[in-house]
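Work out the full structure: start from the sequences and follow the hints.
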Amino acid sequence: MARVLMVVTGADSLVMADGSVHPTGFWAEEVAASHKVFTEAGFDVDIATPGGVQPTPDQGSMVAPFVEYLEGIADVLDKPLVLGEVSIDDYDAIYFPGGHGPMTDLAKDKDVARLLRGAVDQGKIVGSLCHGQAALLSTAVDGEFAFVGKRLTVFSNAEELNGGTGEKTPYFVETRLRELGAIVETGAPWSDTVVVDGTLITGQNPQSSEDTANHVVAALR
Numbered sequence: 014m015a016r017v018l019m020v021v022t023g024a025d026s027l028v029m030a031d032g033s034v035h036p037t038g039f040w041a042e043e044v045a046a047s048h049k050v051f052t053e054a055g056f057d058v059d060i061a062t063p064g065g066v067q068p069t070p071d072q073g074s075m076v077a078p079f080v081e082y083l084e085g086i087a088d089v090l091d092k093p094l095v096l097g098e099v100s101i102d103d104y105d106a107i108y109f110p111g112g113h114g115p116m117t118d119l120a121k122d123k124d125v126a127r128l129l130r131g132a133v134d135q136g137k138i139v140g141s142l143c144h145g146q147a148a149l150l151s152t153a154v155d156g157e158f159a160f161v162g163k164r165l166t167v168f169s170n171a172e173e174l175n176g177g178t179g180e181k182t183p184y185f186v187e188t189r190l191r192e193l194g195a196i197v198e199t200g201a202p203w204s205d206t207v208v209v210d211g212t213l214i215t216g217q218n219p220q221s222s223e224d225t226a227n228h229v230v231a232a233l234r
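In the working numbering, the protein residues as written are 14 to 234.
No wet-lab data here; the hints were simulated from the structure. Glycine included, C-beta positions come from ideal geometry on N, C-alpha and C. Warning: the hint list may mix true and false statements.
Claimed, not checked - Heads up, simulated DSSO-like pairs for lysine-lysine below, C-alpha to C-alpha not over 30 Å straight-line:
(1) Lys123 with Lys181
(2) Lys121 with Lys137
(3) Lys123 with Lys92
(4) Lys137 with Lys181
(5) Lys49 with Lys92
(6) Lys49 with Lys123
(7) Lys181 with Lys49
Said to hold, decoys possible - Pairwise CB distance ranges (calculated):
(8) Tyr184 with Gly156: 13 to 21 Å
(9) Gly156 with Glu81: 38 to 46 Å
(10) Asp134 with Ile86: 27 to 35 Å
(11) Pro78 with Gly162: 32 to 40 Å
(12) Glu198 with His35: 22 to 30 Å
(13) Lys123 with Pro183: 16 to 24 Å
(14) Asp102 with Val76: 16 to 24 Å
(15) Glu84 with Gly176: 20 to 28 Å
(16) Met14 with Ile196: 32 to 40 Å
(17) Asp155 with Glu84: 34 to 42 Å
(18) Ile196 with Lys121: 18 to 26 Å
See the structure below:
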C-alpha cells in the first residue's frame, strides 16, 4: 500500500507588499479533495506541518462539501506530525496543497527542502497544488534549486492579480519559479490544468485538486 506525506502550511497570515497582514492558511478544497482521492485509492496519508502546529484553513475556502470532509478527518488534521521528525524514506510520495500560507513558511523551510531533495534523489513522486508550489522554492534557500528545467504549473500571475491577493502580493510564485529555472506552463485562469514531468506532478489551482491527486494515484500504481 502506498504512503503519501501531505505537507500542510502552518502559517495563518501573509505579510503583503505594503506591510499589511492578510489572513490565510491552507485552502480547504485542496486538502479535502486530495485526501479523499488518496484514501479512496487505498493509500495511507500522513499530514505534517512545520513544528507540528495545528494548521489553519483559509476562511474564504470553508464551503461545502469541503468543510464537512475536513471535520471528518479532524483527528489527524488537528494533530499533524512534526515536519522535522519526518523522513522521506517512509513515504512513496510527498504532496503540497496550497492556500497562500505556503508562501509564508514552506517556501523557506529547511525541512521541506530536505524532504524534497530526498524525494528527487530517490525518484519519489512530488505532487503539488496551486500555491503549494511555493514549497519548491525552499530548495533554493541554501543550495541549487532542485527543479531547474522541470516542467510544472502553478497558480498563475494572472490568477493572482485577478482573483488572488492582487497587486499587493509580496511575490508571485510563478515569477519566482521561472527566475529559478523551472519551465512554467499555465492554462487559462481557473482551468483544471495539470502538468506531469516525470515524478513531478503539479496542478494550477483549486479547480485542479482532484485531477492532480488522481495523477499522483496513477503514478504510484
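- Item | Restraint check for Lys49 with Lys123, where alpha carbons must lie at most 30 Å apart | 28 Å, holds
- Is 22 to 30 Å right for how far apart the beta carbons of Glu198 and His35 are? 27 Å, holds
- Between Glu84 and Gly176, does the beta-carbon spacing fit 20 to 28 Å? At roughly 27 Å between Cβ atoms, Gly176 and Glu84 fall inside 20 to 28 Å, so the hint holds.
- Quick one: are Gly156 and Glu81 within 38 to 46 Å, going by C-beta? 42 Å, holds
- Item | 30 Å Cα cutoff - pair Lys123, Lys181 | 27 Å, holds
- Query: Does Lys92 lie within 30 Å of Lys123 when you go C-alpha to C-alpha?
  - Reply: 21 Å, holds
- Message: Range first: 13 to 21 Å. Now tell me if the beta carbons of Tyr184 and Gly156 are that far apart.
- Response: 20 Å, holds
- Query: Within 27 to 35 Å or not, the Cβ separation of Asp134 and Ile86?
  - Reply: Holds, at about 30 Å.
- So the hint says 34 to 42 Å: do the beta-carbon atoms of Asp155 and Glu84 match that? 38 Å, holds
- Would you check the hint for Lys137 and Lys181, treating anything up to 30 Å between C-alpha atoms as holding? Given that 30 Å is the threshold and the Cα spacing comes to 36 Å, the pair is violated.
- Message: Assuming the hint says 18 to 26 Å, is it satisfied by the Cβ distance from Ile196 to Lys121 or not?
- Response: 23 Å, holds
- Is Lys181 within 30 Å of Lys49, Cα to Cα? 34 Å, violated
Violation of the numbered hints given earlier is confined to hints 4, 7, 14; the remaining hints are satisfied by the structure.
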